[in-house]
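Based on the hints, put chain B in the right spot on chain A.
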Amino acid sequence: MCGTCGCENTEKLIPLERRVLGKNDELAAKNRAWLEERAILAVNVLSSPGSGKTTLLERTIRDLGATVPITVIEGDQATENDARRIRAAGARAVQINTGTGCHLDASMVARALEELRPESGSIVFIENVGNLVCPALFDLGERVRAVVSSVTEGEDKPVKYPHMFRAAGVLVLNKTDLTVATGFDESAFRESLRAVNPEAHVLPLSARTGEGLGAWYDWLRLASR
Amino acid sequence: MHELGLISEVLAIVEEESKGAPVKRIVLEVGPLACVLEDALRFAFELAREGTVAEAAELEIVRGDGATGDDELRVRALELV
Numbered sequence: 140m141c142g143t144c145g146c147e148n149t150e151k152l153i154p155l156e157r158r159v160l161g162k163n164d165e166l167a168a169k170n171r172a173w174l175e176e177r178a179i180l181a182v183n184v185l186s187s188p189g190s191g192k193t194t195l196l197e198r199t200i201r202d203l204g205a206t207v208p209i210t211v212i213e214g215d216q217a218t219e220n221d222a223r224r225i226r227a228a229g230a231r232a233v234q235i236n237t238g239t240g241c242h243l244d245a246s247m248v249a250r251a252l253e254e255l256r257p258e259s260g261s262i263v264f265i266e267n268v269g270n271l272v273c274p275a276l277f278d279l280g281e282r283v284r285a286v287v288s289s290v291t292e293g294e295d296k297p298v299k300y301p302h303m304f305r306a307a308g309v310l311v312l313n314k315t316d317l318t319v320a321t322g323f324d325e326s327a328f329r330e331s332l333r334a335v336n337p338e339a340h341v342l343p344l345s346a347r348t349g350e351g352l353g354a355w356y357d358w359l360r361l362a363s364r
Numbered sequence: 012m013h014e015l016g017l018i019s020e021v022l023a024i025v026e027e028e029s030k031g032a033p034v035k036r037i038v039l040e041v042g043p044l045a046c047v048l049e050d051a052l053r054f055a056f057e058l059a060r061e062g063t064v065a066e067a068a069e070l071e072i073v074r075g076d077g078a079t080g081d082d083e084l085r086v087r088a089l090e091l092v
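Just so you know, the sequences run in chain order A and B. Residues in the first sequence are numbered from 140 upward in steps of one, following the working numbering. Residues in the second sequence are numbered from 12 upward in steps of one, following the working numbering.
Pulled out of the complex, with its shape left as it was, chain A reads as follows:
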């Protein structure tokens, strides 16, 4: 009997124990090493569609772009729209269109970095495809994952999409200016997040009004070191 599955036929059974995402993870490790050598802070920005990732990045570029160089890798299934918005805000951007794909992977990011050539000591935001499921699975080589959730999405997203929220180093709670209009209960949200990820920093803010952005910038400065 073989040790793998209990079958009787061992002759033609080849034990492998190979990780399916092994190739992606190897590429991600290369990206990470390349970025860390240059002291570049790479942030994988994840959320559902419409939570305000691009608005947050536009605002961040406008407020911090003069003090720290920022570049952006934009992932969407289609269009150059987001890259255009980022460029209009004053940063260089590479748009990746994943077509039918629902996430970015490490090889796409490697190609984008080659094109982008971010300078040492800079920040690279990797805006992932808006999706709370698949992108959680793929390491891109980032230093940290920032998950953006907005008050319009309700309080229980973390327990509904545990994989995504489990991997968050920082949780940006966006659109706080709509808290009253939506009846959003922040303590219920924090409880839901704590159930899957007790470590994540929560940064409530409004990328539109600017409320709470200071704490996000402080966090970025700290993470850059």
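There may be inaccurate statements among the hints.
Here are the simulated DSS-like pairs of lysine-lysine, each with C-alpha atoms no more than 30 Å apart in a straight line [unchecked claim]: (1) A/K169 x B/K30; (2) B/K35 x A/K151; (3) A/K162 x A/K299; (4) B/K30 x A/K162; (5) A/K162 x B/K35; (6) A/K162 x A/K151.
Here are the computed distance ranges between Cβ atoms for each label pair [to be verified]: (7) B/E69 x A/N236: 35 to 45 Å; (8) A/Q216 x B/E27: 22 to 32 Å; (9) A/L361 x B/L58: 45 to 55 Å; (10) B/V73 x A/D164: 15 to 25 Å; (11) B/K35 x A/S326: 54 to 64 Å; (12) B/R74 x A/V272: 17 to 27 Å.
What the hints contain is simulated information worked out from the structure, not anything from laboratory work. Predicted model only: the values in this text are computed from it and were never measured. Where is the CB? At the ideal position from N, CA and C, for every residue including glycine.
Okay, now just chain B, sitting in the frame of chain A:
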């Protein structure tokens, strides 16, 4: 949605390891938090295996116990024809 991409990775590993010999069975371990649907994996496998060494292979999915990582997805073994 991403299951087709994962199955393509599985088939690439299978092609490489079988060295072109036809495969009878693939044992795939799916961890408890691997974020994949078994039905979707099987559906993707049906689509993707055509014309590969795994064309007539059986896909055996074993639920991992999380010992090697909760989100683990690995090809544990191959059985050749």
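Determine which of the earlier numbered hints do not hold for this structure and return their numbers in increasing order.
-> No numbers; nothing is violated.
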